[in-house]
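Now that you have both chains on their own, put them together as the hints suggest.
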Amino acid sequence: MVITRKAEFSASHVCRIDSLSDAENRKLFGEEANPNGHGHNYILEVSIEGSVDPVTGMVMNLKELKDILDEEIVQPMDHRFLNKEVQPFDTVVPTTANLAQEIWRRLENRLTGSNTTLVRVRIHETQDLYVDVTS
Amino acid sequence: MTTLTRRYHFSASHRLDSAALSPAENERLFGKCNHPFGHGHDYVLEVTVAGEPDAVSGLIVPLWRIDNLVADKILRLFHNRYINLDVEQFAHLVPTTENVTQVVADLLRRNWREHMGESTARPARVCVEETGRNSCEICLN
Chain P
1 MVITRKAEFS
11 ASHVCRIDSL
21 SDAENRKLFG
31 EEANPNGHGH
41 NYILEVSIEG
51 SVDPVTGMVM
61 NLKELKDILD
71 EEIVQPMDHR
81 FLNKEVQPFD
91 TVVPTTANLA
101 QEIWRRLENR
111 LTGSNTTLVR
121 VRIHETQDLY
131 VDVTS
Chain E
1 MTTLTRRYHF
11 SASHRLDSAA
21 LSPAENERLF
31 GKCNHPFGHG
41 HDYVLEVTVA
51 GEPDAVSGLI
61 VPLWRIDNLV
71 ADKILRLFHN
81 RYINLDVEQF
91 AHLVPTTENV
101 TQVVADLLRR
111 NWREHMGEST
121 ARPARVCVEE
131 TGRNSCEICL
141 N
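Protein chains in written order, with this note's numbering: chain P, 1 to 135; chain E, 1 to 141.
Be careful, since some hints might not be right.
[Claimed, not checked] Distance windows between CB atoms, simulated:
| # | chain 1 | residue 1 | chain 2 | residue 2 | range |
| --- | --- | --- | --- | --- | --- |
| 1 | E | Met1 | P | Thr126 | 19 to 27 Å |
| 2 | P | Pro54 | E | Thr120 | 41 to 49 Å |
| 3 | E | Arg7 | P | Thr4 | 55 to 63 Å |
| 4 | E | Arg7 | P | His38 | 16 to 24 Å |
| 5 | E | Asp42 | P | Glu8 | 21 to 29 Å |
| 6 | P | Ser19 | E | Gln89 | 54 to 62 Å |
| 7 | P | Arg105 | E | Arg122 | 42 to 50 Å |
| 8 | P | Gly30 | E | Ala19 | 42 to 50 Å |
| 9 | E | Glu114 | P | Pro76 | 36 to 44 Å |
| 10 | E | Arg76 | P | Thr4 | 32 to 40 Å |
Keep in mind the hints are simulated off the structure, nothing from the lab.
Every residue gets a Cβ at the ideal spot worked out from N, C-alpha and C, and that includes glycine.
Chain E on its own, in the form it takes in the complex (with noise of 0.2 Å):
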């Protein structure tokens, strides 16, 4: 099988507060995460794309139709903004890495056709790095 993986980054900040715990628990939970104004990351994210290079052209998509796939359904949407209060998926649910990689998945798996024209490629697994030490990732197949 092969696949390509290209990265991409995004500065975001956030704060991670549970409706559902009282102060008290949030601040044991998420430590440091919970401080009252947020904090923020650069994050990087993997999107990992499966397919045969096609026989003409070497590749397995354009570049170009993840590029912009990523830029107009994530980035835009992520990059440079407080995630908790401008990212409408993140009203009700807490911004952790793992909830913010099945977010990420979600829209990737919902925009994939329409950005991918006439490409067979399929996504098969997106990987959010909060830091340099901790990330998630989630394979799509």
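Isolated chain P, as found in the complex (with noise of 0.2 Å):
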């Protein structure tokens, strides 16, 4: 069985390489390139597969579910310019696809264990994109 729980943050980014022209990074990346940055309302869903506990009733507790989200996305995350605040986007290109790797790796040893397995992470940039990255 799998459960997903959502969770939500707001960041600014800026899509751009520094060896690359102005011009050229306005082709690769379009208006996600603008030197100041801009901002969006992320959701993030997370689903794991597991068995459903028979005393519980639970695959797994929802509350601490909810607090690893917090600890390890959302409060490093909410409210944050990711290319000045969040490691690795100093260096890494903080694009939709590279976020969700990022919260992937964030989250599987935390959420992968002997009772569940991490198996998808899913986030919207906006209503019209979103990146899933699978096991």
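Following this line, the structure appears as structure tokens:
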């Protein structure tokens, strides 16, 4: 059985490669390359697979899951400028794909245990764009 | 695996009516979707692309490449059109959500390479929502 928990955070970012010209950055990233950055209300969905505990009736304690998402993702990223304040985005471009993979890396060890497996991270950057990382 | 999904919107009208069936059979099968003058929907199209983010740019594919492909080969054909009369693939094909999804998937597959440049991203899935309550999806892997 798979359970999915949502979390939200609002952050700014800019998608630019320093070694490229303004025109090249604009061609590659469009308006995401505007030099001073811009923001999104990101929506994160985290899916965990496991069997239902016969005593608790739960795959995983949702309070515990919420706390892990808070600690690993929301607190470090909410109301931050990703490029300047969240590692590794000082050197890695914070595209939606890179953000999704970083979130996966932060959560995998915390959420994959003897009874549970992290199976999907989905990050919505806007209503019309999301990235999935799956096991 | 990492996939990126982009959502697009188009508005179109259609009528469900099969030339192989009698008027009474069409009415029974398609109900109000068979009303003679057609009707419209605000469709949502999801296109999912699979691949690894480029080590430098962090992009699976530059979004403009998918946006241009979808705008040129799909939205241009369907948006603000009567599908039965204006989209040639439906001259003899009932424009159900299933058939619209198949035609869209075929257009994506056939035009993918010429629009992707050096990108190795692969088309992975197409989903067409006719309304918020019904959709059809095809995996392209």
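Okay, the hints, checked on the actual structure:
About 22 Å separates the C-beta atoms of methionine 1 of chain E and threonine 126 of chain P, a value consistent with the hinted range of 19 to 27 Å. Remark: the range hint 41 to 49 Å for proline 54 of chain P to threonine 120 of chain E is upheld by a beta-carbon distance near 46 Å. Taking the beta carbon of each, arginine 7 of chain E and threonine 4 of chain P are about 19 Å apart, not inside 55 to 63 Å as hinted. Checking the proposed 16 to 24 Å range against arginine 7 of chain E and histidine 38 of chain P shows it holds: the Cβ atoms sit about 19 Å from each other.
Between aspartate 42 of chain E and glutamate 8 of chain P the CB atoms are about 26 Å apart, so this pair conforms to the stated range of 21 to 29 Å. At about 45 Å, the CB distance of serine 19 of chain P to glutamine 89 of chain E disagrees with the hint of 54 to 62 Å. A C-beta distance of roughly 23 Å is found between arginine 105 of chain P and arginine 122 of chain E, which places it outside the suggested range of 42 to 50 Å. Against the hinted window of 42 to 50 Å, the Cβ-Cβ separation of glycine 30 of chain P and alanine 19 of chain E comes to about 45 Å, which satisfies the hint.
For glutamate 114 of chain E and proline 76 of chain P, the Cβ-Cβ distance of about 42 Å falls inside the hinted range of 36 to 44 Å, so the restraint holds. Range check, arginine 76 of chain E to threonine 4 of chain P: about 36 Å between beta-carbon atoms, so the 32 to 40 Å window is met.
Checked against the numbered hints listed earlier, the structure breaks hints 3, 6 and 7; every other hint is satisfied.
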